[in-house]
Amino acid sequence: MRLRLGTVLATGALVLLSVYVLFPFGWMLVTALKTEQEALRIPSTWWPHQPTVDAFVVMWTRKNYGLYFLNSTVISLSTAVLSSAVGALAAYGFSRFPLRGGSFLMGFILTTQMLPGVLLVGPYFRVLTALGLYDTRTGLVIAFLTICLPFATWMMKGFIDGVPRELDEAARVDGCGWLGIFTRVVLPLSLPGLVATTLFAFLLAWGDLLWVSTLTHSESMVTVTLAIARTVQEFYVNWPELMAGALIGGLPSIALYLALQRWFVQGLTAGAVKG
Amino acid sequence: MPDASRAAAWDGPRRGFRIREPAVGYLFVAPAVGLLVAVLVYPALTTLRLSFSVPGGLGARHYIQLLSDPLFWQVVRQTAVFVVASVGAHLLLGLGAALAVAGPIPARGLFRVVALLPWVVPDVVAGIVWKWILNPLYGVLNDLLLAAGLIAQPLEWLTRPGLAPLSVILANVWRGFPFVMVILLAGLQAIPQDLYEAASLDGAGPWARFRFVTLPGLRKVLVVALALDTIWEVRRFGLVQAMTGGGPGTLTEVLSTQVFKQYFHFYRFEYASAMAVAMTVLLLAVSLPYVRMIMQEE
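So the sequence lines, in the order shown, correspond to chains A and B. The opening position of the first sequence corresponds to residue 1 in the working numbering, with each subsequent residue numbered one higher. The opening position of the second sequence corresponds to residue 1 in the working numbering, with each subsequent residue numbered one higher.
Simulated from the structure, these hints should not be mistaken for lab results. Beta carbons: idealized from backbone N, C-alpha and C, even for Gly. Check the hints yourself; a few may be wrong.
What the hints assert, rightly or not - DEER-style ranges, computed between Cβ atoms:
#1 T52/A / V113/B: 38 to 48 Å
#2 S18/A / I151/B: 21 to 31 Å
#3 A38/B / T35/A: 23 to 33 Å
#4 V223/B / Q37/A: 31 to 41 Å
#5 L71/B / G66/A: 35 to 45 Å
#6 V57/A / L288/B: 47 to 57 Å
What the hints assert, rightly or not - Just some of the chain A residues that point at chain B, by a computed CB distance under 7 Å:
#7 V8
#8 L14
#9 L110
#10 N238
#11 W263
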């Protein structure tokens, strides 16, 4: 009987939590589907009386969201692929070789995770300008490596440590060199980890506001997050359009996460739970 | 079963070159370390140098100026409140939610997937949607509270000095607790079930089981969640920037938004550098115990 009561309470808590978690998303969508006039009605209407997708259409036609979306995608994908590839190589090195100074280097990489972005933005602004990379996508990818590469290395090390060394030996016997062991044995076996790492790097790059606000200035380099952050600071805000923009900005993260969530949650928690 | 004769004959990679094994390891590690030195260490040192540069040489003038600036201390306090309140709420709500969802309840698998969504979307999106929900005129929260009779007047969530910091924290709690919940949930599942059974046999009630089985079992995961979350919340920028831009006045400024302003609105590069270095020192001091713990495990 007591167990039943516990289940009822837990189910109630779960319902409340779901409402808390999901309501803002629902409200974004409801607002985005309203006319501006209706969005500004007091009190708010719970459901759009004349649902319209105008806000979304405006984003893609009159405003430049197609371009912003492309910028965000190119930058985030490049960052994700680059940082997880370099991170995986390093993780393999740390995991499989008795490097002198190896633990010092791992500590160094862990510490770099703690450096705040604002410590670096000033020099970036100057150096990228000097290199002609200010206001370019390449410049942003370089900057995002500072956020993504350290944790990608750490995350991948956790996964590669989990691949039994006996398999390395077996592959070696079969004639694989070190690179072959890495690409044919270790990497395929830590694929869930690689997926999780790549997705995490993508989410970090996609969600950034600090670097895109400091390292770009022209309209052709604007990303989705920068676009919506700029809009909300304007004196006059069209809320249905802004909510449509916010949904567009959140959608790729949501879609990728939902598609890969099994590996992602597994990968995210593996390091924390291990040991 | 590996072929013993072949294994015995094998004495190194079969390509034409022979490199001693550890040396190969350095080759794998080199790109990451090299990149980090170039894209991270070098700029960090540049900031450090800039923060000490005064006309005609080096000096601590910017730090003296910083430490005697009431605004700096105000922002440090605000950052501390923001971080402590956010992380504390993340842990409490995350633990409560994880415990609630750990049991056999309908649709909990679905909930687990969905619950991470606020954490997955850009923090700018979280800031913006809460700014809209908390809008003083058209916001839905005021509608609800008015309808429920809890308030008599619409509240100015983001512009009233006493309320604005609270509102920003509120949005950040929504954004951040799911991560803590998900990793605590994984931690809960790693606690062997027979520990609970043994405790029950010894006559432990629900509270005693929580206190003596669950909490000790979660210790490590809790420390990791606490450390990671603290590091992330000290660095948080987009949510605050999108929600209030640091206002009203400077009441919701945190260190990252303030350094950003000193750089790019006021163009006080040396002063901003000093503030960024101070922020880094604070962050490193807070996270040092965590680094030590992780490194000991390695």
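Do the hints match the structure? See the list:
1. T52/A / V113/B: 38 to 48 Å: violated, 30 Å
2. S18/A / I151/B: 21 to 31 Å: Given about 25 Å between the Cβ atoms, the range holds.
3. A38/B / T35/A: 23 to 33 Å: Hint violated: Cβ distance 51 Å, outside 23 to 33 Å.
4. V223/B / Q37/A: 31 to 41 Å: With Cβ atoms ~52 Å apart, the hint is violated.
5. L71/B / G66/A: 35 to 45 Å: holds, 41 Å
6. V57/A / L288/B: 47 to 57 Å: holds, 52 Å
7. V8: violated, 9 Å
8. L14: Hint on L14/A: holds, closest Cβ of chain B at ~6 Å, below 7 Å.
9. L110: holds, 6 Å
10. N238: Violated: closest Cβ of chain B sits about 11 Å from N238/A, beyond 7 Å.
11. W263: It is violated, given that the least Cβ distance between W263/A and chain B is near 13 Å, above 7 Å.
Violated hints, listed in ascending order, are 1, 3, 4, 7, 10 and 11; each of the other numbered hints is respected by the structure.
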